[in-house]
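Novice: Top line first, the protein sequences correspond to chains A and B. Mapping of the first sequence onto full-length UniProt numbering: residues 1 to 126, in sequence order. Mapping of the second sequence onto full-length UniProt numbering: residues 1 to 126, in sequence order.
Rather than coming from a laboratory, the hints here were simulated on the basis of the structure. No incorrect hints appear here.
Since copy identity is lost for identical chains, a pair holds within one copy or between any two.
Calculated cross-link-like contacts (lysine-lysine; reagent style DSSO-like; alpha-carbon spacing at most 27 Å):
{"hint": "1", "residue 1": "94", "residue 2": "29"}
{"hint": "2", "residue 1": "58", "residue 2": "29"}
{"hint": "3", "residue 1": "58", "residue 2": "94"}
The model shown is predicted, which means the values in this text are computed figures rather than measured ones.
2 protein chains.
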Amino acid sequence: MPETDDARASGELRIENAHRELLDQVLDKWSLSVLNELCERPCRFNDLRRAIPTVTQKSLTATLRRLERNGIVEREVVSSRPVAVEYRITPLGKTMRRPVDVLLEWATAHMPEIERARDAFDDGLD
Amino acid sequence: MPETDDARASGELRIENAHRELLDQVLDKWSLSVLNELCERPCRFNDLRRAIPTVTQKSLTATLRRLERNGIVEREVVSSRPVAVEYRITPLGKTMRRPVDVLLEWATAHMPEIERARDAFDDGLD
DNA sequence: CAGAATCCTTCACGATACTG
DNA sequence: CAGTATCGTGAAGGATTCTG
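Put together the whole structure using the sequences plus the hints.
Specialist: Next comes the structure, spelled out in structure tokens:
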């Protein structure tokens with residue numbers, strides 16, 4: 001299914017469509033927050049809503065479905081009185097933790113530098 | 001590396017607004033492709049267009065401006081005959097390489113597993 | 001409790017045309 | 001060559017309402 005792009009292999013990691021598509025699915029607006037919660041403990045739907053107060057129900061549902069489809073989280077329906085649904089991170093989901101951590105560490109470490117760059121840019125506009 | 005998967009102790013990976021905002025700026029649709037090119041060599045505008053054939057001029061301009069504002073790439077105007085503009089990666093930009101590589105390595109390594117998960121999900125729809 | 005269904009606004013992105 | 005300017009569209013996401 002991936003069209004063979006001409007062999008302009010740059011020796012390093014190339015960004016393919018599949019990469020881009022995957023990152024869009026698992027690194028989107030709310031996924032990291034959800035993953036962060038589920039890495040610590042299984043959560044029910046409303047647990048997640050409380051943990052991430054700014055997410056809407058619709059977006060949370062969509063995020064969870066997407067993550068579930070990609071095998072990152074698991075959904076279990078507990079047939080109790082008022083239905084309970086528990087979300088858990090999968091083993092595959094746990095493997096995301098390291099790359100995400102590295103990313104966030106980078107972001108945290110370089111935030112000041114980046115803010116200075118923004119100020120300089122916005123100020124002078126070259 | 002170390003286990004003790006005590007999530008609380010190990011990863012203070014809280015997602016803050018600033019994190020989210022930054023990732024949106026530097027991990028957007030085209031940034032990784034641009035970074036990938038500029039990591040290898042300085043490029044002129046049309047070099048980048050050729051290297052990333054699917055990007056439109058408008059999106060490429062926007063991407064470059066965004067990366068420049070965040071201090072990730074540098075823009076130099078060479079006052080030659082028809083104006084030449086060279087884009088280069090900055091030292092700050094180079095520090096992005098490792099987190100991005102880790103991310104792409106993860107994506108590459110787990111792609112098959114993820115595709116199986118997608119197929120299973122789309123098939124059964126549980 | 002855990003969503004589904006609707007409506008609505010924003011805006012990212014593409015397509016196209018023009019310019020110093 | 002390296003953009004800017006405009007227009008148009010689809011999709012993401014918020015707000016709100018309803019339900020098994």
